Amino acid sequence: MAGAVSLIVAATAAMIYSLLHYSIWSFGMPGSGLMPVIACAMIVVACLWTILARDTGERARFASPPLAYCVGFVAILALTSVIGLLPALAIVAAAILRFEGMSLPRSILIAVAVALGSWLLFERTLMVPLPGGAIWGS
Amino acid sequence: MDILGDLAQGFAQAATPWNLLVALAGCIVGTAVGVLPGLGPTATISLLLPISVYLDKTSAIILLSGIYYGAMYGGSITSILVKIPGEAASVITCIDGYQMARRGRAGAALAIAAFGSFFAGIVATVGIAIIGPGVAEFALAFGPIEKTSLLILGFTLVLGVGEGSRIKSVAMIGLGLLLATVGVDLVSGDERFVFDIAPLRDGFNIAILAMGLFGISEVLLMAEDRDQGTKAVQSPTRLKELLPNRTEIGESAAPVVRGSVLGFFLGLLPGGGGMIASFASYMLERRISKTPEAFGKGAVAGVAGPEAANNAGAQASFVPLLCLGIPANATIGVIMGALLMAGVTPGPRLIVDHPEMFWGVIASMFVGNAILVVLNVPLVGLFVSLLRVPRAVMSILILFFCVIGAYSLNNSMFDVAAMLAFGVIGYGLRKTGFDVAPLLLAFVLGRLFEESLMQGLIIGHGQLAAFLLSPLSAVFVAAALLIVLMPAVMRLRGTPISLSKNTE
Numbered sequence: 001m002a003g004a005v006s007l008i009v010a011a012t013a014a015m016i017y018s019l020l021h022y023s024i025w026s027f028g029m030p031g032s033g034l035m036p037v038i039a040c041a042m043i044v045v046a047c048l049w050t051i052l053a054r055d056t057g058e059r060a061r062f063a064s065p066p067l068a069y070c071v072g073f074v075a076i077l078a079l080t081s082v083i084g085l086l087p088a089l090a091i092v093a094a095a096i097l098r099f100e101g102m103s104l105p106r107s108i109l110i111a112v113a114v115a116l117g118s119w120l121l122f123e124r125t126l127m128v129p130l131p132g133g134a135i136w137g138s
Numbered sequence: 001m002d003i004l005g006d007l008a009q010g011f012a013q014a015a016t017p018w019n020l021l022v023a024l025a026g027c028i029v030g031t032a033v034g035v036l037p038g039l040g041p042t043a044t045i046s047l048l049l050p051i052s053v054y055l056d057k058t059s060a061i062i063l064l065s066g067i068y069y070g071a072m073y074g075g076s077i078t079s080i081l082v083k084i085p086g087e088a089a090s091v092i093t094c095i096d097g098y099q100m101a102r103r104g105r106a107g108a109a110l111a112i113a114a115f116g117s118f119f120a121g122i123v124a125t126v127g128i129a130i131i132g133p134g135v136a137e138f139a140l141a142f143g144p145i146e147k148t149s150l151l152i153l154g155f156t157l158v159l160g161v162g163e164g165s166r167i168k169s170v171a172m173i174g175l176g177l178l179l180a181t182v183g184v185d186l187v188s189g190d191e192r193f194v195f196d197i198a199p200l201r202d203g204f205n206i207a208i209l210a211m212g213l214f215g216i217s218e219v220l221l222m223a224e225d226r227d228q229g230t231k232a233v234q235s236p237t238r239l240k241e242l243l244p245n246r247t248e249i250g251e252s253a254a255p256v257v258r259g260s261v262l263g264f265f266l267g268l269l270p271g272g273g274g275m276i277a278s279f280a281s282y283m284l285e286r287r288i289s290k291t292p293e294a295f296g297k298g299a300v301a302g303v304a305g306p307e308a309a310n311n312a313g314a315q316a317s318f319v320p321l322l323c324l325g326i327p328a329n330a331t332i333g334v335i336m337g338a339l340l341m342a343g344v345t346p347g348p349r350l351i352v353d354h355p356e357m358f359w360g361v362i363a364s365m366f367v368g369n370a371i372l373v374v375l376n377v378p379l380v381g382l383f384v385s386l387l388r389v390p391r392a393v394m395s396i397l398i399l400f401f402c403v404i405g406a407y408s409l410n411n412s413m414f415d416v417a418a419m420l421a422f423g424v425i426g427y428g429l430r431k432t433g434f435d436v437a438p439l440l441l442a443f444v445l446g447r448l449f450e451e452s453l454m455q456g457l458i459i460g461h462g463q464l465a466a467f468l469l470s471p472l473s474a475v476f477v478a479a480a481l482l483i484v485l486m487p488a489v490m491r492l493r494g495t496p497i498s499l500s501k502n503t504e
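Residue numbers (the UniProt record's numbering), protein chains in the order written: chain Y, 1 to 138; chain E, 1 to 504.
By construction, these hints were calculated from the structure, which means they are not laboratory data. Every value quoted in this text rests on a predicted model; they were computed, and no experiment measured them.
A short, non-exhaustive set of chain E residues, derived as facing chain Y with CB atoms under 10 angstroms:
no.: 1; residue: Ala-171
no.: 2; residue: Ile-216
no.: 3; residue: Asn-411
Now the in silico label distances, taken between C-beta atoms and shown as ranges:
no.: 4; chain 1: Y; residue 1: Ala-41; chain 2: E; residue 2: Leu-481; range: 13 to 21 angstroms
no.: 5; chain 1: E; residue 1: Met-490; chain 2: Y; residue 2: Glu-123; range: 51 to 59 angstroms
no.: 6; chain 1: E; residue 1: Ile-130; chain 2: Y; residue 2: Leu-20; range: 49 to 57 angstroms
no.: 7; chain 1: Y; residue 1: Arg-54; chain 2: E; residue 2: Met-490; range: 20 to 28 angstroms
no.: 8; chain 1: E; residue 1: His-461; chain 2: Y; residue 2: Tyr-17; range: 23 to 31 angstroms
no.: 9; chain 1: Y; residue 1: Val-74; chain 2: E; residue 2: Ala-479; range: 41 to 49 angstroms
no.: 10; chain 1: E; residue 1: Leu-20; chain 2: Y; residue 2: Leu-19; range: 58 to 66 angstroms
Which stretches of chain Y does chain E cover? Using the computed rule of at least three CB atoms under 8 angstroms from a CB of chain E, they are:
no.: 11; segment: 6-16
no.: 12; segment: 34-43
no.: 13; segment: 84-95
no.: 14; segment: 99-112
no.: 15; segment: 122-134
Every residue, glycine too, gets a C-beta built ideally from N, C-alpha and C.
Taking the hints into account, I'd like the entire structure generated from these sequences.
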């Protein structure tokens with residue numbers, strides 16, 4: 001039910017925004033607002049049907065470990081601007097591995113090894129210019 | 001000259017030591033590109049365009065096409081092992097391929113994908129040689145009106161994809177279509193849902209959605225299983241367990257044949273290619289299966305058919321390019337650029353002006369597919385050994401590849417943030433019983449659909465009747481209506497219908 005309700009709220013908001021900002025039909029031709037309105041209507045009708053038919057089909061309750069991963073995702077974005085992408089990924093990876101029950105030295109070793117491998121593959125071999133952050137960037 | 005003579009001439013071109021080496025290099029690079037999320041074949045072929053200038057024109061196209069169908073197979077490897085589609089055409093393989101891997105049949109799934117792709121490659125090569133040029137003219141009958149109707153039929157087929165109920169699939173198709181509208185509308189020039197955020201002007205990249213909805217959400221679902229955090233997934237160790245058994249070979253044979261033929265014909269259509277072919281094959285197999293309830297839970301036919309269709313479609317999409325000068329998709333468009341750089345104008349005159357190149361490329365497709373099997377089947381054991389990596393470490397590897405892959409698309413941290421956000425959204429949707437496969441398929445088709453719909457309505461002076469006046473379009477619309485109305489008709493006939501697909 002929670003998923004269906006969230007989708008209805010999001011789709012209704014998108015539909016209202018679309019109706020206010022884009023035309024559905026203009027000069028006898030479809031406007032840029034036509035497709036968003038069709039899409040939102042599909043979501044709202046389908047989710048309402050789902051609720052009315054009690055077709056929730058939800059899995060077990062939300063668990064807390066994924067929340068820790070989500071905190072890690074936010075940390076990657078925040079740390080990247082300071083220390084660069086690979087160090088940020090390595091720190092978050094070590095923290096996640098530690099959170100998963102691995103010993104601290106092993107967590108650090110694996111995180112550093114994966115970061116080093118990624119640097120060799122992407123930055124050195126494939127020439128992807130990974131962001132260096134405020135410290136190493138300049 | 002007869003076709004056999006032409007083909008012999010092509011093989012003489014393709015089988016020179018230099019061209020064999022070029023095809024091998026293309027297949028290796030393509031497979032690697034397919035495995036790594038983010039760096040798709042379009043970007044890689046674009047990067048390698050300057051290198052292709054130094055090769056003669058036939059070798060250049062052999063290299064670039066090798067990358068293209070190498071990537072098609074490479075994308076399947078990650079789809080099966082870690083549920084990350086390296087390519088849009090591999091999305092379907094995620095569904096049953098990953099379930100097979102979870103049941104300890106990853107090796108069988110990879111081998112079926114490899115042999116299925118090889119067989120499809122042969123069918124497509126023969127098909128292109130025999131009827132390609134003739135059929136390509138038929139593809140010219142496909143204007144925006146016919147394409148719109150075909151895509152409507154495609155959406156009705158998407159309803160049957162995945163694990164959730166049909167009505168939830170409708171919601172996911174709506175969400176996919178909505179996400180596809182983000183960015184600048186090509187017809188009116190309006191910016192939609194951009195909110196003055198510059199990276200949103202180009203809309204979301206398919207790879208961003210695929211990595212987030214499948215890869216990151218899978219990491220989050222795996223995180224719930226903390227007891228398994230430092231343990232590896234059970235994987236086969238003996239060679240016998242790595243290869244498909246007799247039952248699996250038997251179950252895959254017919255879907256591979258059907259997928260090859262279906263993929264070939266859908267690949268001929270402009271805008272077709274592997275993506276539409278793979279999910280059309282999945283739906284066909286699901287509909288004709290005696291055990292449709294097995295789909296989504298590791299059905300062999302759910303891997304064999306789409307993989308064959310994907311490869312046949314990818315190869316057949318060379319026909320509109322070589323015979324008509326119409327690129328079927330973005331990757332083929334870049335290959336067309338390589339041809340133009342080499343001074344060759346693709347089109348009806350190509351086969352007359354450059355027969356050695358036309359038949360050389362066709363023969364190289366066969367050679368390339370043989371190389372892919374020789375290259376990948378012995379490596380199945382190595383690929384499967386990835387599953388022995390503990391889940392927590394696997395999560396970290398997926399996180400690294402997805403984050404760097406997302407960044408490498410546009411060198412933008414916005415893409416990384418969007419990909420992670422889609423991961424969390426995908427996790428939430430999957431936890432609440434919504435399957436994300438229809439969302440991704442609708443997203444891919446959405447842009448094509450809107451473009452065709454707008455063009456179709458402009459051609460038809462805003463009249464929806466235009467979609468019924470074209471006979472080909474009317475057939476597609478009728479087929480779509482039939483699929484949608486079939487449950488109601490069956491209900492009238494007294495057959496019990498449930499909203500859940502699994503109970504149908």
